[in-house]
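Asker: The lines below spell out each chain.
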Amino acid sequence: MSTTVKYVERDLKVVGTRPLRPDGVDKVTGRARYGADYNLPGQLVGLVLRSPHAHARIKSIDVTAAEKLPGVKAVVTRDDFPDMPVEYAAAGELTINFRDVTRNMMAREKVLYDGHPVAAVAATSESIARKALKLMKVEYEVLGHVIDVRDAMKADAPVLHEDQFTVGVEPKPTKPSNVAKRLVFGCGDIEAGFKKADLVIEREFNTKPVHQGYIEPQACLANYTEDGQVELWTASQGHFTLRAQCAKVLAIEVSKIRVIPTELGGGFGGKNNIYNEPLAIALSRKSNRPVKMVMTRGEVFRATGPTSGAQVKVKMGCTKDGRIVAGEAELNYQAGAFAGSSVPMASMCTFTRYDLENVRVVGHDITVNRPKVAAYRAPGAPIAVFAVETIIDEMAEKLGLDPIDMRLKNAAKEGTQTYYGPKLGAIGYIDTLKKAKEHPHLTAPLGPNQGRGIATGFWFNIGNETSTTLNVNEDGTVTLMIGTIDVAGGSRAAFAQMVAEELGIPYDKVRPVVGDTSALGFNFVTAGSRGTFATGMAAVICARQAIDKLRERAAAAWKVPVDGVIWENGFAKPASSNVGDFEPMSIAQIAKTAGRTGGTIAGHAEINAQGAGPGFGTHIVDVEVDRQTGAVKILRYTVIQDTGKAIHPAYVEGQFQGGAVQGIGWALNEEYIYNKDGRLENPGFLDYRVPVASDVPMIDTVIVEVPNPNHPYGVRGIGEVPIIPPMAAIANAIYDAVGIRMQEQPMSPPKILKALETAAKH
Amino acid sequence: MARAHVTTTINGDVVDFLCEADQTLLSALRDELRMTGTKEGCGTGDCGACSVTIDGRLVCSCLVLAVEVEGKAIDTIEGMADGENLHPLQKKFLEHAALQCGICTPGILIAARSLLERNPDPSETEIRYWLAGNLCRCTGYHKIVEAVLDAAREMRS
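Sequence lines, in order, name chains A and B.
Note that my numbering numbers the first sequence so that position 732 is 732, with each residue one more than the last.
Note that my numbering numbers the second sequence so that position 143 is 143, with each residue one more than the last.
Bear in mind the hints are in silico, worked out from the structure with no lab data behind them.
For clarity, every value in this text was computed on a predicted model and none was experimentally measured.
Keep in mind that the hints are not guaranteed to be accurate.
What the hints assert, rightly or not - What the simulated footprint calls covered on chain A by chain B, stretch by stretch (three residues with Cβ under 8 Å from a Cβ of chain B suffice, anywhere in the stretch; the number is not a length):
| # | region |
| --- | --- |
| 1 | 12-18 |
| 2 | 31-40 |
| 3 | 204-215 |
| 4 | 251-265 |
| 5 | 485-491 |
| 6 | 676-687 |
To be verified - To give a feel for the contact side, a few chain B residues facing chain A, derived at Cβ under 10 Å:
| # | residue |
| --- | --- |
| 7 | 93 |
| 8 | 100 |
| 9 | 127 |
| 10 | 140 |
All C-beta atoms in this analysis are idealised placements derived from N, C-alpha and C, irrespective of residue type, glycine included.
Construct the complete structure from the given sequences, taking the supplied hints into account.
Answerer: Right, dumping it as structure tokens:
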């Protein structure tokens with residue numbers, strides 16, 4: 001059974017304003033505690049021995065010398081963890097398979113990427129732990145490796161998993177393959193569609209993996225006690241899903257693990273899953289001491305999830321007047337060392353901004369000798385959209401159409417049947433395009449070597465399992481216990497605003513706190529832009545329950561039926577003069593005597609929230625291309641997006657701006673660089689260059705509000721859409737500036753120079 | 001090996017600690033003194049999350065050895081507010097929503113204060129170049145730059 005709470009339009013006092021975030025003061029004073037900021041008496045330092053090879057069979061692991069080193073208290077290897085059968089579980093946007101999860105956290109038969117964990121040690125100091133790692137002897141049989149998806153799909157490619165046969169192909173293949181899965185989505189008749197086309201464009205695009213680049217490296221502290229109880233402090237996006245994963249791979253009952261979420265120093269999808277947590281628990285169990293494990297930046301790059309690099313082939317056809325009649329795509333996505341890339345979501349997003357009759361998308365999920373990919377903000381969508389939005393720009397140019405008009409002609413709207421399943425409900429895509437057309441950015445003058453690009457994006461958004469508790473305290477203030485991690489966007493402020501609005505009390509009378517796993521029922525990980533939508537809905541349900549109880553207490557005091565009492569602006573009042581002449585009772589007055597009138601007043605919601613509204617955005621960017629160096633400078637940037645309802649507009653703007661700048665980094669600079677031996681050559685922020693303040697201009701924002709009918713305040717998820725359009729928008733702007741169509745990412749200076757030289761020869 | 005004894009001044013208080021010869025100032029602050037407001041994002045001087053000042057000079061504390069601060073004066077995020085009165089930069093960061101996850105915030109505040117001590121009226125471009133050594137992955141920098149401009153305006157008046 002699922003829950004939705006319908007949208008009702010009304011006057012708002014707190015929702016839509018810009019109060020200070022509840023976690024703000026702690027974050028500007030250095031008090032906020034993140035994963036690495038927790039310590040326990042007697043704690044040990046845990047470190048990981050990692051594979052130097054991209055692909056090798058482990059012949060033996062000898063840790064006896066390390067174990068004998070004074071100060072070493074425990075060593076764990078594959079032998080300390082039970083093997084797991086194939087079993088799938090949801091973990092954010094990507095699905096995990098426990099057979100692979102246990103092999104990713106600690107290699108078993110083979111190492112599959114540079115940085116793959118092979119052993120872990122806990123010692124009394126970091127220097128002793130480092131010495132211990134050097135004393136460990138691992139004998140490898142080095143195997144051939146494969147890094148690129150195009151190579152990995154070849155018949156003679158080294159195969160990572162001898163038991164992996166492509167799923168989704170008939171008849172079942174007899175040879176193992178790096179292609180884990182083939183997916184097909186579509187509608188209509190693609191061949192018939194192309195026959196109607198006056199213009200057909202077919203292009204191939206290639207992109208490199210990029211990392212989420214959160215500034216806080218993964219960090220955790222585990223305390224396994226003598227009676228088999230586990231306390232775990234960790235910086236993650238979902239402490240309940242992390243608990244479930246740890247319980248599974250360690251064969252410990254869920255009730256025995258208590259995960260206390262720390263403040264999260266950025267995640268963007270990269271902190272949905274376990275890495276060091278089960279190792280720290282196992283080391284703590286073996287040493288009878290608390291164990292703290294903090295990754296280095298190099299470990300973060302080498303061994304935690306980047307998103308996929310990919311090869312994308314897209315063919316589209318349209319009529320002379322700009323109506324798209326067919327869209328076909330092949331998406332070949334890197335999964336990393338284990339199956340499970342974002343290609344399913346990417347396949348569904350590829351064309352879903354347009355109302356198309358004939359679509360066919362084939363996706364391949366491909367294992368390569370790289371770290372297992374993790375979700376990254378709208379997982380997979382920016383890559384496929386880079387291809388489609390670039391081709392639409394080319395079509396519009398060839399047909400002499402305005403690129404926004406071309407999109408308006410084909411735009412998805414309420415009632416549009418998607419090619420992957422549902423019909424779209426109330427959406428704001430067309431509204432964002434119209435706002436773009438009216439925006440002064442679109443008519444600002446451009447100089448030489450400057451150009452302007454447009455692109456758009458779509459993301460599904462989700463709801464899912466959510467538990468929330470609201471307690472009215474004895475002085476009438478309110479504590480809201482939530483179970484979705486505030487992944488940085490300021491969701492705690494948004495929840496307090498919605499509860500204050502419902503109860504009719506000031507914002508600062510509501511204190512939102514993220515509860516640990518023993519405080520609430522299960523909460524799915526904060527992913528899929530679900531936090532403000534799902535916990536917002538749960539918080540509103542809690543507040544409405546509390547209001548019913550507050551009315552009951554007032555009714556009992558006045559000896560009138562509860563129907564005779566209304567709740568208004570934080571007071572219980574008689575519904576009319578017929579009920580009687582009673583002085584309104586405030587929340588504080590009722591709370592003060594609650595113990596005598598029936599006990600504490602609280603609200604609970606344990607729901608499976610459904611009805612998340614899809615999000616759409618349109619971006620406009622101006623660039624200048626330096627023909628001497630190939631450098632692309634972002635001159636001006638505008639993000640226009642439908643939010644449903646901006647509960648806290650400043651934090652919505654922050655999501656738009658942050659997502660756009662991550663997209664700019666993806667477009668222009670960021671990439672994983674592997675050498676011929678399959679080792680990562682740029683595992684640090686010096687050589688993996690994320691945007692810095694001087695790389696970008698101010699990011700202008702326009703908030704469009706088309707309410708989601710399935711949320712009491714009309715909220716849709718907003719966090720992921722902003723990273724989708726930048727790559728395509730920038731590619732289109734580069735074309736407008738200097739006439740080259742970029743089909744490779746990153747659009748870094750060497751690639752721009754090469755493209756300019758090629759163009760000059762023709 | 002014997003640990004070194006270091007006496008220094010942190011946020012105006014005389015403090016002493018023991019450290020390894022190869023231990024960084026960042027590690028001494030966080031692991032020996034449990035002053036965890038200064039953050040580690042990379043350990044290689046690329047992200048600026050560990051920014052502090054030594055005798056007024058802005059540094060990445062991950063690139064300074066703890067033994068080097070003997071007799072020096074260090075300022076960290078923990079000393080930025082005066083009691084419960086926040087520094088104008090701290091206030092403006094809150095008002096402008098210039099932080100999200102907040103892990104980069106202590107370093108950016110220390111760096112921004114260092115800028116305003118040298119240049120009380122910086123342009124947007126000067127702020128962007130001064131803060132180019134401080135990575136923020138959440139905000140896209142827009143609101144950070146606005147907050148610094150606004151704080152500078154208030155501190156001048």
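Asker: Between the region 12-18 of chain A and chain B, see if three or more residues pass the 8 Å beta-carbon test, and mark the coverage as holds or violated.
Answerer: violated (count 1)
Asker: Is the hint on residue 140 of chain B kept, meaning its closest Cβ partner in chain A is under 10 Å away?
Answerer: Cβ of residue 140 of chain B sits 3 Å from chain A, so the hint holds.
Asker: With a cut-off of 10 Å, does the beta carbon of residue 93 of chain B approach a beta carbon of chain A closely enough for the hint to hold?
Answerer: holds, 5 Å
Asker: How does the region 676-687 of chain A fare against chain B when you require at least three residues with a CB closer than 8 Å, holds or violated?
Answerer: With 3 residues in contact (Cβ-Cβ under 8 Å with chain B), the coverage given for the region 676-687 of chain A holds.
Asker: How does the region 31-40 of chain A fare against chain B when you require at least three residues with a CB closer than 8 Å, holds or violated?
Answerer: holds (count 7)
Asker: Do at least three Cβ atoms from the region 485-491 of chain A come closer than 8 Å to Cβ atoms of chain B?
Answerer: holds (count 4)
Asker: Cut-off 8 Å, C-beta pairs, minimum 3 residues; does the coverage of the region 251-265 of chain A by chain B stand?
Answerer: That given contact holds, which follows from 3 residues of the region 251-265 of chain A lying within Cβ reach (below 8 Å) of chain B.
Asker: Identify whether the interface hint at residue 100 of chain B stands, where standing means a beta carbon of chain A within less than 10 Å of its own.
Answerer: holds, 4 Å
Asker: Is the listed coverage of the region 204-215 of chain A by chain B valid when you require three or more residues with a beta carbon under 8 Å from a beta carbon of that chain?
Answerer: The restraint on the region 204-215 of chain A holds, since 4 of its residues have a Cβ under 8 Å from chain B and three suffice.
Asker: The hint names residue 127 of chain B as touching chain A; please verify it with the least Cβ-Cβ distance against 10 Å.
Answerer: holds, 7 Å
Violated hints amount to a single one, hint 1; each of the other numbered hints is respected by the structure.
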